[in-house]
Amino acid sequence: MPDATGAATLRTEAAPFRQTEGGGPQVSSFTLDNGLDVVVVPDRRVPVVTHMIWYRNGSADDPVGQSGIAHFLEHLMFKGTNRHPAGEFSQVVSALGGQENAFTSFDYTAYFQRVAREHLKTMMEFEADRMTGLVLDEAVVGPERDVVLEERRMRVETDPAAQLSEAMAAALFVRHPYGTPIIGWMHEIESLDREHALSYYRRFYTPENAILVVAGDIGPDEVRRLSEDTYGRVTPFGERPIRRRPREPEPRAARHIEIADPKVEQPTLQRLYLTPSSRTAQGRDSAALELLAEMLGGGPTSYFYRKLVMERGVAVNAGAWYMGSSIDDTRFSVYAVPAEGVSLADLEEAVDGALKAIPAAALEADAVERAKTRLVAETIYSTDSQSSLARIYGSALAIGETIEEVRRWPDDIEAVTRLDLAGVAERFLVPPRSVTGYLCKTAA
Amino acid sequence: MSVAAMEALSASPTKVGRVLSPGGVEAWHVRSDVVPLVALAFTFEGGAAQDPDERPGVAQMLARLLDEGAGPHTSDAFQERLAARAIELSFNAGPDAIGGSLKTLVRHLDEALELLRLAFAEPRFDADAIERVRAQTIAGLRYQQNDPGVMASRRFFAEAFPGHPYGRPTGGTVESVAAVTRDDLVALHAKVIAQGRAKIAVVGAIEPAALALALDEVFRALPQAAPLPPVPPARIAGRGSQHVVEIDVPQSVIRFGTDGLSWRDPDFIPAYVLNHILGGGAFTSRLFQEVREKRGLAYSVGTSLVSYRGAAMTWGYTATKNERVAETLAVIEAEMARLKEEGPSDEELQKAKDYLTGSYALGFDTSTKIAHQLAQVAFEGLGLDYIARRNALVAAVTQDDIRRAAERTIGDGQLLVVVTGHPTGL
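Line by line, the protein sequences are chains W and L.
If you read the first sequence in the numbering used here, its first letter stands for residue 16, the second for the next number, and so on.
If you read the second sequence in the numbering used here, its first letter stands for residue 653, the second for the next number, and so on.
Among the hints, erroneous ones may be present.
[Said to hold, decoys possible] 25 angstroms max Cα-Cα, derived DMTMM-like pairs, lysine to aspartate or glutamate: (1) W:456 - L:898; (2) W:456 - L:827; (3) W:387 - L:766; (4) W:456 - L:900; (5) W:371 - W:435; (6) L:992 - L:919; (7) L:843 - L:774; (8) L:946 - W:203; (9) W:371 - W:381; (10) W:278 - L:898; (11) L:843 - L:778.
The hints are simulated quantities; they were obtained by calculation from the structure and are not laboratory data.
All chains should be built: construct the whole structure from the sequences, respecting the hints.
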């Protein structure tokens, strides 16, 4: 079901794998004459393929005043073409015993089907057809906009915690569109129409702007043949559309915001820091932030959990995450749920105290080792899932990384030193780069 | 029948073997060496329905405490052993079972199994761990206290199964969790985590002979199971009634339900096909088409069959803005009535069967998913050959079967409806 990927729940998309351990898939890639990039990830265990098409545009490319258009168009992509009227694609996928869906993120939009291998070409025909052949009747646009408005009501308008997440991102990114929700602001979704959708579609839905990922029981030669026969027939636009993203100014102000709502029975504390991403970081900074998030907040043996929950008892839960897989500067999050009777202000003080002690207290050698082991093991576990592999490669390429960079990721993690960890903490987890959010209750 | 469906019929999605340990422990096993990991899933009969009447939430607290210290290891030491080897161990409690899974790299299998054995046989229930889990559980309940979806489900189950264990919240309430004692946890552990109670499935790079020995290591230490008090059979109550839970939000969450059929019922498969046509998880279902696609009333809408040990029902969900609740309910009721009266067209039925048979293999694409599927099939008592038989059962469903299933599920069309929000015009 067309689905807006909730940014707040997105951790790192890229949990890749190491080649030396467990073999790892022999990934290959090539580019069709019309500019479409193709990646093939073999997985021969079951006669099934995952077919994904990724577009290098996401909500951060929405034109000013049209927030939500990337996601709205993702919904509208199911409305049919001249060759295949509305619903036919889904009917065919279903009758072939396949599954399908789509999702929109900040930097990309993707569509996928999972089918028996012999149906791959049919999926490619339909997907290639809707790359440039979308037909939008006014009659389908209105109800679909209502669907998106209901989606937003479900995810955000009825949930104060989601409202705090939105408000914090909006405060963290003062200039960059990562501060705008993927699904869009309510009042701007209400004004999106057929013309907005079509003009956005014509700009971004081209072979040069897309990446085809096929994972499953198939080799590169066959994928090349099938894709040339289908996607290869789509006329190129001439060049890849340029993404124009404003850069964040150097942050200076620590920001504090609060959502107070009568529905809140359990207060929580959230903190965001503006940090480099895998694409903007220098040296090993991004790998170090990835590892730091795992050490500080990856489960019950993490530093925050031990410090705040086990030792001091000021929180019932605490953790951290880093959204490293982004084109532009991104967010690092720290969160904690106060114990009964502990105020958010006291909890915040405890969190800040723990953060200050990072170089001395948090970076013991065995804790570093444990975090590395867990991150690297994730990459092996991911090879058990065809869909995960397809997503890892698709998302990486969509933000401009290379297959080689995906492959190297475990080694990059292993290479991080204690000094690297202390360095990124010292430079990036600092008040001027932060937004602190309180979720609390008001009188009804 | 399409070519795809015929092929799907002939091929079982996975080859399952039975492993019996020297000590008499049985597991279902799928051997796969491609990825160097082992996934294990388990289900112990006896879940939240076994909670003391006045203190729901014991089973869920028990599930959360099994990895909070066991044998010689305190909670922190136990978690550190898991984390140091990236072993993933989790437990959960449902109405009828406590289950969970283990995932490990092959080279850490021995350590993983030893930790699993300790978690099952020798959980410590240390006071500090109990208090920590209690505080986390209460915080979780408070966090969701005014979530419209959670509120709607809570009220729905209370109305559907009044005075019955299934009518109580599985996770308990703030008050009941506060009252759970260490004795409650120890007693439920002794009752449920016992030999002969567990269904076990193992997938990955392990030989049957090695698995047989491992099974004895892990499960031999457990006490023999004594019979559990059976869950009294129950039928969904309150059909034909509508309940509004008022809360100030712009969108109302709707839960609706009627009779269903249990997985063990001979008409389950026809009911499952019927449910797919009505509100199953594809863009093609009638409710998806009528509620979302044509009218834009909701983002998500659907139905599923709920099959418990003592009850079965058809359960539906959607959410729409307050002003359109009445319209949405009218569309849903009309579609259910129309499906019951006219049945699906032959083509619609065939397409549903094609989808369900063709897509079955997609649920067997990761080791963890396979292990969970197998443990579930074993738990339902459907037999080792079910996975091979299942597509033929679906393909054999006729219009007569569908009519019978519709009679037994949709029946007179009377629904129990719960709406949470501020609906207008109801």
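Hint numbers not upheld by this structure, sorted from lowest to highest: Nothing - there is no hint that the structure violates, so all of them hold.
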